[in-house]
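> If you read the protein sequences in the order shown, they are chains A and B. Numbering (our numbering) for the first sequence: 1 to 136. Numbering (our numbering) for the second sequence: 1 to 397.
Calculated from the structure, these hints are not laboratory results. The reader is advised that the hints may include incorrect statements.
Unchecked claim - To be clear about the criterion: a stretch of chain A counts as covered by chain B if any three or more of its residues have a C-beta under 8 angstroms from a C-beta of chain B, and this derived list gives those stretches:
no.	region
1	57-66
2	96-105
Stated by the list, open to error - Part of the chain B face toward chain A, derived, beta carbon under 8 angstroms:
no.	residue
3	Asp-137
4	Gly-141
5	Ala-149
6	Met-150
7	Ile-258
Beta carbons: idealized from backbone N, C-alpha and C, even for Gly.
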Amino acid sequence: MTDPQRPLPKTHELDTKAFWAATKNEELTYQQCDDCDTVIFYPRRHCTNCLGNSLTVHTASGRGTIYTYSVVRQSYHPFFRPRVPYAVAWIDLDEGPRLLSEIVDVEDPGSLEIGQRVKVSWEAHDELAVPLFTPE
Amino acid sequence: MAGQSRDAAIVGIHEFASRDVEGALSPLQIKAESAAAALADAGLRWGDVDALYDAGDGGGMSGLTISEYFGLKPNIIDTTNVGGSSYELHAAHAKQAIAAGKARVALLTYGSTAHSNARAIGVGGRGGGVHPADNMDSFAGMTLVANYAMVAHRHMHEYGTTSEQLAEISVATRLHAMRNPEAVKAMEDLEFLDIRETTIDDVVNSRMIADPLHLLECCMISDGGGAVVIAAPEVARDCRNKPVWILGCGEATKYSEIGGDITTSAAAQSAPVAFAEAGVTPAELDIAMIYDSFSITVLTILEDVGFCSKGEGGAWVAGGRLRFDRPDDGPALNTDGGGLSSNHPGMRGIFLLIEATRQLRGESCSQVAGAKLAIAHGNGGMLGSRHCAGSVILGGD
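Just chain B, same shape as in the assembly (with noise of 0.2 angstroms):
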């Protein structure tokens, strides 16, 4: 892998372990119980900090009141909010910062309390925004499973792709969270009913919440949050753990335009631009964590980022292939439990950098062998409207 960038590594991570605080802890609050965590992970302190990225979701000027509340005083300041795929957008930025010199040590965090808050995320109507492309849509009704759920419908229309097929990555991604305590718990704490390994039988016979998408092809809502320190290689060298290299990173919108292909995402856009930064190809990646909102989110962005062709999606994820134990298959997939079964507080990207560093480390509940490549793929905003893709491919030292 010759003239690969290794000039920013992720040296500390950390997941709030509780997925329902009951009220008791602000986004706030989490955010900084995972930095301090994070650091702690590290080897760092907070004045080792001088990059600060935060998705501005604790309301305006996020930047400036964040940076008090930490008590830092970052010398690069960064509040790009994507949805779920702002901390894919957030680690590119502080691998650029740090490669310019600008930064040593970057710090993301994430906290939400959807969960204690009771948001209908998923099947609330959407609120008519003044945004002029909200001010078109509010009227119809449309609820955010139903908008990935018309992804779905035109995958299975032009491509044949089945509810079967769809199912196999719940039923992957139940696997991992089955092997994940925190994730046990997650599913405990917020009553799931009947918490064990599925089939694809369960998938597709459990309720339907917006055609074709069944309940178990939904994300969880969850309280949560974590952090992810970022450092330059002076820094990562004497940090506590093997520093992860962040190779490549490619970032894209797509929106609904007239005569436009619903069923490819800006996945298609934002990885081949990180692959060719990385200088790798996705037959070599030991682990995808992708984005899963809905099943269809993960499907599509298998075939965007280039595991299969545009429309072999259902036949290439079949079989079983996306397990933890089947590395000759390909990459395993969410091997933390996803946002399926284990953390979905709203915009869980963050995760997706959490848990692929802990595979590239070995310190996986689900661990791929001598995993040594792994891509982070966030996906913000709604897949069939408008949204915002972030690729991060990763490396172990």
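Just chain A, same shape as in the assembly (with noise of 0.2 angstroms):
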């Protein structure tokens, strides 16, 4: 029997998709409208603030900060239960997005602080990389 998997993102999902096939080289990307100059995130096709659907592809330094964090200490998930202790935590990078990750390589997820600076460590996978973030 394989052992459980971390759930991933469908690269087929088309919104997405091109942000999953980016993090195959370890980019971590976002929008900007080249109209109004929103930072657009999750990817969409369309800006949410003007009417304009020109948007500019940027890569993101990959740097940020916990905006906040829970540690899990329960989970049925079956790739997920054998990792409690562990760190989720919404992100605000450095160019503005907010994106949801784990927090890996810590000894003591408790320990972490909101405010903390992190950066992000790639889990490699056949089809894309998962931007997981790790303290800086």
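Two independent chains are provided; combine them into the complex using the hints.
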């Protein structure tokens, strides 16, 4: 029997497929509207501010701060169950986007702090990599 | 309260008693039994119903299939599904349809066998959906409890809110549950350990599920269901019970945004609309039926509804203020025992309308003497990522 796997995004989902394709090269991307400069995240085909649909893809530095987090101590998911306790967090990237991820490579996830600096730590899979984060 | 619209009223209610049907009943059967009982409570019949509301939880095309199942041919069909807040939106839409003269008797039903199905609502991993938002989140290992816990953590960080303050919500709710025989039976059937009133210490010393939320700050996972009948004034006059008027409604969504404030919920948008329509203020309310998936859900919504300012909720709830027997201190919270200690089959918004109606009829197990005004505030989806709010202000006859 194979070990339980991390749930992975669907690479065929039309709004997010380019984002996930870029992760294969360890690029953490976000969009910005050419007309009004609004940063858009999660990825979409339209600007959520103006009526424009001309969006430029940028690559983020992969650095950011923890906006908030929780230490998961109980999970019934076959992949995550043996990982408890682990930290999930909303992370504010320096370029603006707020994304949900797991904070890895911390001995005591309860010792993390809101406002703490983190950087991306890629976990490679066959078709993509997932952007996990670790303290800077 | 001049100018208050009294164009639609709750005239029939029923809360399905069992929280554990042991797999012997389907959600549809629970809906039908609850609907019949609520219609009987109103003194109405199946054939009186001309507007049907369903959260679509029974599968595709539920507006069609539930009409056939009930044997109804409604003129208004609404399958709005916004999770646990669906029923507050249904009540709002029923009021609009009735006020517009498009319907006279609206039926809302809910049925769920979440407990029998052993659904891991709270701590199961999230599936990898194909909605783009889900497709960005599913890898991270966030449980539903952790989603709400992240709101609590940020609330503590920004405002100094403590676990002891959050525990006040669990303690008041359990006190009310112990006075409600159906809630006590629910806790027995779901094999709660040590079924009794709780203290702040009990809550903060219970097992941590996702920091900073403890076990006793999380709702139960039960079976259950219920029904609500809403009618036009000319129908309500002849019903068996005093009408409970729907005075004002508001609805809103909230989701993660760049630079967004996770400690403020969609209630901050929906509640002012409802209060303005009702022509009342938060300070006038006797009853606060607030969706209590978790302690933090309530704390956030109490602030956003306007009982106190943002960030002051922790201090505001302290000292047992939310109990039913402290009417001079503001509204009583979740007097049926709430989702924390009475009934949470997944989408408990309908029970907020039901218990608010009991209070305004004078029929609650934890009755607030002379209760005249209530809010039923539903929160559906996930507080810490994307959710929907439905605020309904109710008034006694």
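> Determine for every hint whether it applies to the structure shown.
Status of the hints after comparison with the structure:
1. A count of 0 residues in the region 57-66 of chain A with a Cβ less than 8 angstroms from any Cβ of chain B is obtained; the coverage claim is therefore unmet, three being the minimum.
2. With a cut-off of 8 angstroms between beta carbons, the region 96-105 of chain A has 7 residues touching chain B; three or more are needed, and the interface restraint holds.
3. For B/Asp-137, the suggested interface contact is upheld, since its CB lies about 5 angstroms from the closest CB of chain A, less than 8 angstroms.
4. Checking B/Gly-141 against chain A by beta carbon gives a least distance of about 4 angstroms; that is within 8 angstroms, so the hint holds.
5. A cut of 8 angstroms between beta carbons decides the hint on B/Ala-149: the least distance to chain A is about 4 angstroms, and the hint holds.
6. Annotation: interface hint on B/Met-150 holds; nearest CB of chain A at approximately 4 angstroms, less than 8 angstroms.
7. Given the 8 angstroms rule on beta carbons, the hint for B/Ile-258 holds: about 5 angstroms separates it from the nearest Cβ of chain A.
Figure legend: structure checked against the earlier numbered hints; the only hint not met is number 1.
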